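Work out the full structure: start from the sequences and follow the hints.
Chains as they are written, first to last, in this note's numbering: chain L, 1 to 214; chain A, 1 to 179.
FYI, nobody ran anything at the bench for these hints, they're computed from the structure. Any given hint might turn out to be false.
To give an idea of the interface, some chain L residues facing chain A are shown, with a C-beta separation under 7 Å as derived from the structure [what the hints assert, rightly or not]:
#1 P149
#2 R153
#3 P156
#4 H180
#5 T193
#6 P198
Pair by pair, the computed Cβ-Cβ distance ranges are [what the hints assert, rightly or not]:
#7 P189/L with P99/A: 42 to 48 Å
#8 K98/A with V118/L: 23 to 29 Å
#9 I68/L with N11/A: 55 to 61 Å
Since we're looking at a predicted model, the values are computed, not measured. For every residue, glycine included, the Cβ atom is placed at its ideal position computed from N, Cα and C.
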Amino acid sequence: MIVTRKKDIDSIREHLADARSVVIVGCSECAAVCRTGGSEQVKEMSGLLADRTVCATISIESPCDKRITSRDLKRLTRELEEADAIVALTCGSGAQAIAEVSGKRVIAALDTSFLGMVERLGRFYERCSQCGECILNDTAGICPVTLCPKQVRNGPCDGVRADGTCEVFEDRPCVWRTIHERLSARNHPERFTAYHPPVCWSHHHVPREELQGH
Amino acid sequence: MDTVRYLPTINSAADIDALPNRLKTEEPLLVGEYGSLNPLAFATAIRNVNSGKKFYELILRNKNRELVESSICTAAAVGFDGVVIASGAFNKSDTMGKPVYDLDQAQALLLAISLRRTGKIPSGFALGVRSAGGNGAVRERNSFYLREGADFILITGSANTGAAAPTDSADKIGTISEL
Ligand code: SF4
Ligand code: SF4
Chain L
1 MIVTRKKDID SIREHLADAR SVVIVGCSEC AAVCRTGGSE QVKEMSGLLA DRTVCATISI
61 ESPCDKRITS RDLKRLTREL EEADAIVALT CGSGAQAIAE VSGKRVIAAL DTSFLGMVER
121 LGRFYERCSQ CGECILNDTA GICPVTLCPK QVRNGPCDGV RADGTCEVFE DRPCVWRTIH
181 ERLSARNHPE RFTAYHPPVC WSHHHVPREE LQGH
Chain A
1 MDTVRYLPTI NSAADIDALP NRLKTEEPLL VGEYGSLNPL AFATAIRNVN SGKKFYELIL
61 RNKNRELVES SICTAAAVGF DGVVIASGAF NKSDTMGKPV YDLDQAQALL LAISLRRTGK
121 IPSGFALGVR SAGGNGAVRE RNSFYLREGA DFILITGSAN TGAAAPTDSA DKIGTISEL
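Laid out in structure tokens, this is it:
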């Protein structure tokens, strides 16, 4: 799930500037779970922008999916024509999909943080930083690239403490110690020193694209 | 490998001039990059005051692989006897810069070994790795470094050097003692 945070309302107002009429778009997937762009937050934004005309509000199931956004925004053709801008309570990908589909000026109301694992509402963890060359199968299913502050792919580093805690976060075990323990417990200690070469960044220059099935 | 004396920071040329008061002239010296001045600029100055081996502590923090390669080649060209590959203490709060950890120590070691194999650095240029001492995961990793061709491993002073590598490689384990 994509974890998002609310932007300060003053900065949204500043970017809306002279836009007197707006359509507010929320996301009923990730941003809803984050409570940054669900129907409650769309309502809240509507109240915060009561000094303007809110032509329409809508929660789209996955605004980052242009097929769905395109389908759902068709229902608001008239309102969108009237609106000077769209306020997007979505991740950055969603905000841009809305802009591409609608052709309107879109004000992003959220900051996009990371790909998160959900513990419960309001508690999210980063467990994958999308390195593009997954080594989970060698590391007992624990991602060192994300859990190690130095993103070490062949650890531990020289900073690991004598008691096995991380150099950077004293209250956490070094992830490579945890991996070593788990691999040993599963009788695969030899995987511990399987070599992981540096990530080939030439494959990961932004913007990344994926064209499957061709 | 014995004890190597460690100068973590160089903040002025005077730090080098003062070395004779702090270490014996033939003692091996490891110079770190934590000061405001880059040790690569001081190889000649160090040679003028100390006859022991001089090692450059190559920290990987905030260097991408191109800079790591150029730092190793420069260390060899300016007269260091070798590099000691370290990950570099993490900057948790004293910078707003983007942390760069492009290579880890194993990857940097393999890069350095390939530079030696292809003649970009001399065959006698020593390649060491800095390590925490201890057993378990650390010991496994140290064995990997030695298997892949590291000449030695330096353990920070107080750590458990005995358990840090297979017993038949005990002569390749040294300690670091800060000046
Ligand atoms: S190694 Fe970690 S960061 Fe890379 S793809 Fe796998 S889980 Fe994600
Ligand atoms: S101690 Fe372990 S988790 Fe912490 S920075 Fe080093 S390798 Fe990464």
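Hint by hint, here is what the structure shows:
About 5 Å separates the beta-carbon of P149/L from the nearest beta-carbon of chain A, less than 7 Å, and the hint is met. The interface hint given for R153/L holds, since its Cβ lies 6 Å from the closest Cβ of chain A, which is under the 7 Å cut-off. Because the smallest distance between the Cβ of P156/L and any Cβ of chain A comes to about 5 Å, under 7 Å, the interface hint for this residue holds. A hinted interface residue such as H180/L counts as satisfied when its beta carbon comes closer than 7 Å to some beta carbon of chain A; here the least separation is about 4 Å, so the hint holds.
The beta carbon of T193/L comes within 4 Å of a beta carbon in chain A, closer than 7 Å, and the hint placing it at the interface holds. Of the supplied interface hints, the one on P198/L holds, with its beta-carbon coming within about 5 Å of a beta-carbon of chain A, less than 7 Å. Restraint check, P189/L to P99/A: a C-beta distance of roughly 30 Å breaks the suggested window 42 to 48 Å. Separated by about 27 Å at the C-beta atoms, K98/A and V118/L satisfy the suggested range of 23 to 29 Å.
Under the hint 55 to 61 Å, the C-beta atoms of I68/L and N11/A, about 59 Å apart, fit the expected range.
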